[in-house]
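So the sequences go chain by chain: A and B. Under this note's numbering, the letters of the first sequence match residues 140 to 319, in that order. Under this note's numbering, the letters of the second sequence match residues 631 to 1055, in that order.
These aren't lab readings, by the way, just hints derived from the structure by calculation. What you are looking at is a predicted structure, and each value in this text was computed from that prediction instead of being measured. Take the hints with a grain of salt, since some may be wrong.
One-sided and incomplete, this derived list gives chain A residues near chain B with beta-carbon spacing under 10 Å [as the list claims (entries may be wrong)]:
1) Leu-150
2) Ala-170
3) Gln-175
4) Asp-213
5) Val-252
6) Ala-278
7) Pro-287
8) Ile-288
Capping the alpha-carbon separation at 20 Å, the derived lysine to aspartate or glutamate pairs in DMTMM-like fashion look like this [stated by the list, open to error]:
9) B:Lys-1017 x A:Glu-180
10) B:Lys-1006 x B:Asp-1031
11) B:Lys-1006 x B:Glu-1048
12) B:Lys-1017 x A:Asp-213
13) B:Lys-1014 x B:Glu-1048
14) B:Lys-1006 x B:Glu-1018
15) B:Lys-1017 x A:Glu-169
16) B:Lys-1017 x B:Glu-1048
17) B:Lys-1017 x A:Asp-208
18) B:Lys-1006 x B:Asp-1026
19) B:Lys-1014 x A:Asp-208
20) B:Lys-1014 x A:Asp-213
21) B:Lys-1014 x B:Asp-1026
22) B:Lys-1014 x A:Glu-274
23) B:Lys-813 x B:Glu-879
24) B:Lys-1014 x A:Glu-169
25) B:Lys-813 x B:Asp-848
Idealized CB from N, CA, C, for every residue including glycine.
So the chains spell out like this:
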Amino acid sequence: VARPDFCQLALPHMGALYRTATRLTSRVSEAEDLVQETYLEGFRSYASLRDPERCRAWLFRILHNLWTDRRRRDGAEQRATNGHKALAAVNTALAPVRDLEREITSAGYSDEVERALQALPEEFRTALLLVTVEELSYAEVAEVMGCPIGTVRSRLARGRALLATALATARAEEPRKESL
Amino acid sequence: MRCQEAFEALSAELDGELGADERPVLRRHLGGCDPCRRRRQELQMVNLQLRAVGAATRIAVRMPEALRARIEQRCQPPQVFNVRWTLYTLAMALTGASALGALLVLALRPATRPAADEAKNTRNETETSAGRDMIRGVVTAGSTTSPTFTAGTGLAPRPAAAAAACPAVTSPAVVVLDVPPEKTPNLPPVTVAVDRCGLAGRLVALEAGQTVELANQDQQPHELTVVDPAGNSHTQTLPAGDRLARRLERPGTYRLLCDGAPEPCGHLVAVEHPHFAVTDAEGRYQIAGAWAPANNLTAWRPGFAPQSFPLSATSAAGAGVATALTLRPDTTALLTLGSRPANDNGGLAINDCRAARQSTSPVARACAQGGVRQAKLVMRALVKQAKERGLRLQCDSCHRDDADFSALTDDARTRFSELLAATGT
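Looking at chain A on its own, in the form it has when it is part of the complex (with noise of 0.2 Å):
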C-alpha cells in the first residue's frame, strides 16, 4: 500500500494546530511562526513517522517541541505565563468574529474561565485543552507531550481541580466586586 503523502495527512490539521498555538503563545504572529514551523518540520521528518494514523498526535507534538525549545531558550522567565496576555491574544482572535458573538456566548464562553485557565500550570493547561478543545485520546496527548498515559490522566484530573478551585474562587469575589 502506497504511503500516503505528507500534505494529504497533514494539511487536515492545520486548523487545530493554529488553535493550539495561539493559546500557547499567546501571540498571533507567534502562533503563525509555529505552526509554519511545525510544517516544516514535519515535511522534514515525515519518513521518521512510522504509521501515518498517528499523523495528528505527531504534528501536535512537533509543534509542542518546538515551542518547549523557544520557550527554554528565550528563557522561561520572560514567558511565564501571563493570563491577561493570553487572554487578549484569544479575545484578539474573537473580534473579527463578531456575528458570532451570541453562538460563542451561548456555548457558555467566558472570560472568567479563561483566565481561570491561563493561571493553570502549562503542563496541565495544555494537556486539558488538548482534550477538551482538540479532542485528542489521552495516549495523543502522551504523545505529544512526551509521558505516561498515566501522567497524562494525572494532569488533567489535577488541572481540573485547580480549575474548579479558581472557578470556585472567583465566583466567591464576585459578589464582593459588585457591593463595592
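Place chain B on chain A using the hints.
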C-alpha cells in the same frame, strides 16, 4: 479505591477514557463517599465550561488564509523546491551578467557633449533591434537633470586655465545583454589614458579577467586608486608617462579615484561575457555576435539607476521591436560618484545583485528595490530569523568569500531553500 484515585477516575470518565475494569470500582467508591460525589458534580460543571471554551475557540480562532496558503505552498514535494531553485539560479546567471557593466575604451570616444544638449532630452528612449546576432539602439539622457561632468573631475587642483580647457563630459552608458557567463580567450589589455583632463571618458567596459592598463599621459604624476566591486582598494602613484596594469578578475564595477579626490574620475565595468557595448557620443550602441537566448538587457550610466529592458520577441521577419525605455537619475548612483564608501554598492547600485529580477525571494525583491545594500540587510534579517528558529546557518554556510557575495558554496542552493522555508518566505 482512595479519593485521590477516584478523582482521577472521574476526570477520565468525563473524557471517555475510563477503563471498563475501573467503572465498577469507581461506582462502588462513589456509593460510599459523599465528598467524591460532590466533586463529581463540580467536575461536571468545570468540564461543561471547558467544553464551552473549546467550542468558542473552534468557532473563533480561525487560521489566517495567508498562513494556510503559505503552508500549502511549502507543503509540496521536494521537486518544487528544485524547480524554484532552478529558476533562482537561472535568474542569478542571467542577472549576474547584467550586473557587471561594460567599459568604453576611452580613447575611442570623443566624449565631449555640452550639458545644454543633454538638457534638451526630456524623453529617454532606447530603440532596440533584436535579432539573432545583432542588437542595436540608442540610449539618450535620462532627464534634464542628467549629470554631466567636467573632464578632469577627481584630479588634483590645477591652474584655472588648464581646468577650463577640459570640456564638460557626459558619461556614456553601458549596455549589457543578460546572458550566462562566457569567456573570450586571450583578450589583449585595454589601455585607458589619463591625461591632463583626467580620464578622456568616464566609463570603460571590458571582459572580466581582462587586463586594463591605466596610462598616465599627463605631464605630471597622478595618484590612482582602483576600488574593486567588493570595495577593496589599491592605490599607486603613477609617474608621468608610466602605466599601471591591473587584471580585473572580479566582475562588476571598478571605481577609479584620482589624486585622492573623493569623486571618481572614471568607472571600469568588467562583464562576465563579451555581449556588451558602450554608447557613442550620440548614445548609440550595437551588440553583435552570437549568444544564448536573452530576455533582457541592462543599461547603466554613472548617475543613473541601472535599468533592465525586456527584449521583445522578434517578429517573424527577425526584425527587432523598438522598446521605449527611461533611464532615471538615481540619487544612490549619484552618491556613488561622490564620497560614499567604496563597498556601498559601487557603481551598479541596483542591479549589482544576481537575484534581482526573476527570483521571487525577498532578497531579490530587496535588491530590486534598494540594491545590494538593502539585499544584504534583508539577508541578514532572514538569517537571524532562521537562527531563531533553530536553523544552523552562518554567512559562510553559503558564501565562500565574505567580500564577494556571488561566490557560493556547493550546497548554497539547498541552504537557501532551507532558509526560505524556515522563515516562511
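Against the structure, the hints come out as follows:
no., hint, result
1, Leu-150, "holds, 6 Å"
2, Ala-170, "holds, 9 Å"
3, Gln-175, "holds, 4 Å"
4, Asp-213, "holds, 9 Å"
5, Val-252, "holds, 5 Å"
6, Ala-278, "holds, 9 Å"
7, Pro-287, "violated, 13 Å"
8, Ile-288, "holds, 9 Å"
9, B:Lys-1017 x A:Glu-180, "holds, 14 Å"
10, B:Lys-1006 x B:Asp-1031, "holds, 14 Å"
11, B:Lys-1006 x B:Glu-1048, "holds, 18 Å"
12, B:Lys-1017 x A:Asp-213, "holds, 13 Å"
13, B:Lys-1014 x B:Glu-1048, "holds, 13 Å"
14, B:Lys-1006 x B:Glu-1018, "holds, 18 Å"
15, B:Lys-1017 x A:Glu-169, "holds, 15 Å"
16, B:Lys-1017 x B:Glu-1048, "holds, 11 Å"
17, B:Lys-1017 x A:Asp-208, "holds, 13 Å"
18, B:Lys-1006 x B:Asp-1026, "holds, 14 Å"
19, B:Lys-1014 x A:Asp-208, "holds, 17 Å"
20, B:Lys-1014 x A:Asp-213, "holds, 14 Å"
21, B:Lys-1014 x B:Asp-1026, "holds, 14 Å"
22, B:Lys-1014 x A:Glu-274, "violated, 36 Å"
23, B:Lys-813 x B:Glu-879, "holds, 12 Å"
24, B:Lys-1014 x A:Glu-169, "holds, 16 Å"
25, B:Lys-813 x B:Asp-848, "violated, 34 Å"
In this structure, the earlier hints numbered 7, 22, 25 are contradicted, and the remaining ones agree with it.
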